[in-house]
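Take the given structure of chain A and dock chain B to it, following the hints.
Protein chains: 2
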Amino acid sequence: MVYISSTQNTKIKELKKLQTHKGRKKQQRYLLEGEHLIFEALQQQISLQDVYVTTDYLNRDPKHLVRDHFPNAIEISREVAQALGETVTPQGIIAVTPLVALQAPTLTHGTWLLLDQIQDPGNVGTMIRTADAAGFTGVILSPDSADFYSAKVQRAMQGSQFHLQIQSMELTQAIEQLKAAQIPVYGTLVDETAQPYQTLTAPQQFALIMGNEAHGLNPDLAKLTDLNLYIPILGQAESLNVGVAAGILIYRLSV
Amino acid sequence: MVYISSTQNTKIKELKKLQTHKGRKKQQRYLLEGEHLIFEALQQQISLQDVYVTTDYLNRDPKHLVRDHFPNAIEISREVAQALGETVTPQGIIAVTPLVALQAPTLTHGTWLLLDQIQDPGNVGTMIRTADAAGFTGVILSPDSADFYSAKVQRAMQGSQFHLQIQSMELTQAIEQLKAAQIPVYGTLVDETAQPYQTLTAPQQFALIMGNEAHGLNPDLAKLTDLNLYIPILGQAESLNVGVAAGILIYRLSV
Chain A
1 MVYISSTQNT
11 KIKELKKLQT
21 HKGRKKQQRY
31 LLEGEHLIFE
41 ALQQQISLQD
51 VYVTTDYLNR
61 DPKHLVRDHF
71 PNAIEISREV
81 AQALGETVTP
91 QGIIAVTPLV
101 ALQAPTLTHG
111 TWLLLDQIQD
121 PGNVGTMIRT
131 ADAAGFTGVI
141 LSPDSADFYS
151 AKVQRAMQGS
161 QFHLQIQSME
171 LTQAIEQLKA
181 AQIPVYGTLV
191 DETAQPYQTL
201 TAPQQFALIM
211 GNEAHGLNPD
221 LAKLTDLNLY
231 IPILGQAESL
241 NVGVAAGILI
251 YRLSV
Chain B
1 MVYISSTQNT
11 KIKELKKLQT
21 HKGRKKQQRY
31 LLEGEHLIFE
41 ALQQQISLQD
51 VYVTTDYLNR
61 DPKHLVRDHF
71 PNAIEISREV
81 AQALGETVTP
91 QGIIAVTPLV
101 ALQAPTLTHG
111 TWLLLDQIQD
121 PGNVGTMIRT
131 ADAAGFTGVI
141 LSPDSADFYS
151 AKVQRAMQGS
161 QFHLQIQSME
171 LTQAIEQLKA
181 AQIPVYGTLV
191 DETAQPYQTL
201 TAPQQFALIM
211 GNEAHGLNPD
221 LAKLTDLNLY
231 IPILGQAESL
241 NVGVAAGILI
251 YRLSV
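Read top to bottom, the protein sequences are chains A and B.
Using our numbering, the letters of the first sequence map in sequence onto residues 1 to 255.
Using our numbering, the letters of the second sequence map in sequence onto residues 1 to 255.
Excised from the complex, chain A in its bound form:
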């Protein structure tokens, strides 16, 4: 088995570039960190290129991942694992996956979450995970949302990218397609003139748009929706975290 102990190794230096948007775009691949995500990818038959494991992980191999699936895994030092991973205490296993050219989503049926300029990677990932939990068909991210392939989004998504159709797309275009398919589109506003969310009985198919953390939904998009919803604030907080707000709405409209 190949063993790499130095963070200055050429291969490792190339992999470290995958921590940036630019590097991922250039190399057309991204890093999947941790047993859970790699296990999910395997189950979904996602193509995994090289797999890297620490000596400690290799010795334990708790789920027989290396033994059964990655006999050609490359052994790395803990130092290398720390350099490649996002967390201080690396899980000890990391894989490289191609950035697949995602298929254009079929916005002709189903339930959809549209994210308008969500900046925080944790929020993007959490909302995709919630949409997955609620059985949504897919998620459309506006091109200026946080980078879907970043480690922070990956960690918050917990593998939901393997369960849903996910695509980056101009939301005006997505709304147009949804309307053509007669799927109602609901915006969300922090505005008491919008409709209180709990009064809506949702149809089987719909799309929900969540807006930017600081500025809310783009007013131009809010004009294109069939209806705009708001969540009443009953106490003294100024607002809800956008991921929490998405959870409240997604589950209210789905269950």
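There's no promise every hint is true.
A pair holds if it fits inside one copy or across any two, identical chains being indistinguishable in the list.
What the hints assert, rightly or not - Heads up, simulated SDA-like pairs for lysine to any residue below, C-alpha to C-alpha not over 20 angstroms straight-line:
1. K22 with K152
2. K63 with D50
3. K11 with L48
4. K25 with D147
5. K63 with E238
6. K63 with A214
7. K11 with G85
8. K16 with Q27
9. K26 with L48
10. K17 with Q82
11. K25 with I74
12. K152 with S239
13. K152 with G122
14. K152 with E238
15. K152 with T87
16. K152 with E86
17. K152 with P121
18. K152 with D120
19. K13 with K25
20. K152 with Q119
21. K11 with P98
Since the hints were derived computationally from the structure, they do not count as laboratory data.
Below, chain B without anything else, positioned relative to chain A:
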């Protein structure tokens, strides 16, 4: 106006200790970072000790905070602000606040959120913010939850600590008091044998317990509740983020 440019200044070195639980406990005070939190504290007439502002903030003073409220603010360099704050781009204003001996909460009426060993500071803060938005009476944290006064909890709470009764307390004791007051206590489980949350019509007063991110609610506590709820997973995600789950339940039971 006093000006401190060096992170090696004795006063600054003492303040830096407030970034740890130990330091906060010893000095009995904590740091409030950013305009929003300091403004909230002022509105709630919270006692603020020293206030520190960067030269840049001082020149802008966008809300006239320094001019109207803190004429004795201490000017600091950007380097000092970065050393004291949690964020790379500091907001330029930071205050020191006494750790007040919180009053024992009055668990005799109202709606309460109980947090059982929540480890992630962002989750603790977000759940407190959501409880505030929903008009809850207060939040009880188990003693082994993430430290309430840490900068990460503060940032996620967005000032909700000034709106709610918040106390650290053994949850068995809290449940006992709630039961004595005939306030029903709902646990939350990731277990389909529990009651689906959407079938419950909540009374005016209740308490909701959220469990640890990885291990869920402590089984000993789950036995003490009046009822345990679960949120159905309709798709392929294994679970929901605990902060999102709390939002779904809190709003369902409140609105």
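Give the relationship of K16 and Q27 under a CA distance limit of 20 angstroms: within one copy only, between copies only, both, or neither. within (11 angstroms within a copy, 41 angstroms between copies)
Is it within, between, both or neither when you check K11 against P98 at 20 angstroms Cα-Cα? within (16 angstroms within a copy, 51 angstroms between copies)
Are the CA atoms of K17 and Q82 at most 20 angstroms apart within a copy, between copies, both, or neither? within (14 angstroms within a copy, 27 angstroms between copies)
For the identical chains here, do K22 and K152 meet the 20 angstroms Cα criterion within one copy, between copies, both, or neither? within (16 angstroms within a copy, 29 angstroms between copies)
Checking an output row: K152 and P121, CA cutoff 20 angstroms. Within, between, both or neither? For K152 and P121, the Cα distance is within 20 angstroms both inside one copy (6 angstroms) and across copies (16 angstroms).
First find the shortest C-alpha distance between K152 and E238 inside one copy, then the shortest across copies, and answer within, between, both or neither for a cut-off of 20 angstroms. Intra 26 angstroms, inter 18 angstroms, cutoff 20 angstroms: inter-copy only.
My question is about K63 and A214: at a cut-off of 20 angstroms on alpha-carbon distance, are they close within one copy, between copies, both, or neither? between (42 angstroms within a copy, 18 angstroms between copies)
At most 20 angstroms between C-alpha atoms: does K152 with D120 qualify within a copy, between copies, both, or neither? The answer is both: 9 angstroms in one copy and 15 angstroms across copies each meet 20 angstroms.
How would you label the pair K25, I74 (within, between, both, or neither) given a Cα cut-off of 20 angstroms? For K25 and I74, the Cα distance exceeds 20 angstroms both inside one copy (24 angstroms) and across copies (46 angstroms).
Quick one: K152 to E86, C-alpha cut-off 20 angstroms, is that within a copy, between copies, both, or neither? Classified as both: same-chain Cα gap 8 angstroms, cross-chain 18 angstroms, threshold 20 angstroms.
20 angstroms Cα threshold - placement of L48 relative to K11: Only inside one copy: K11 and L48 sit 16 angstroms apart there, 53 angstroms across copies, limit 20 angstroms.
Quick one: K152 to Q119, C-alpha cut-off 20 angstroms, is that within a copy, between copies, both, or neither? Classified as both; 12 angstroms inside a copy, 18 angstroms across copies.
Hint check: a violation occurs at hint 11 only; the rest are consistent with the structure.
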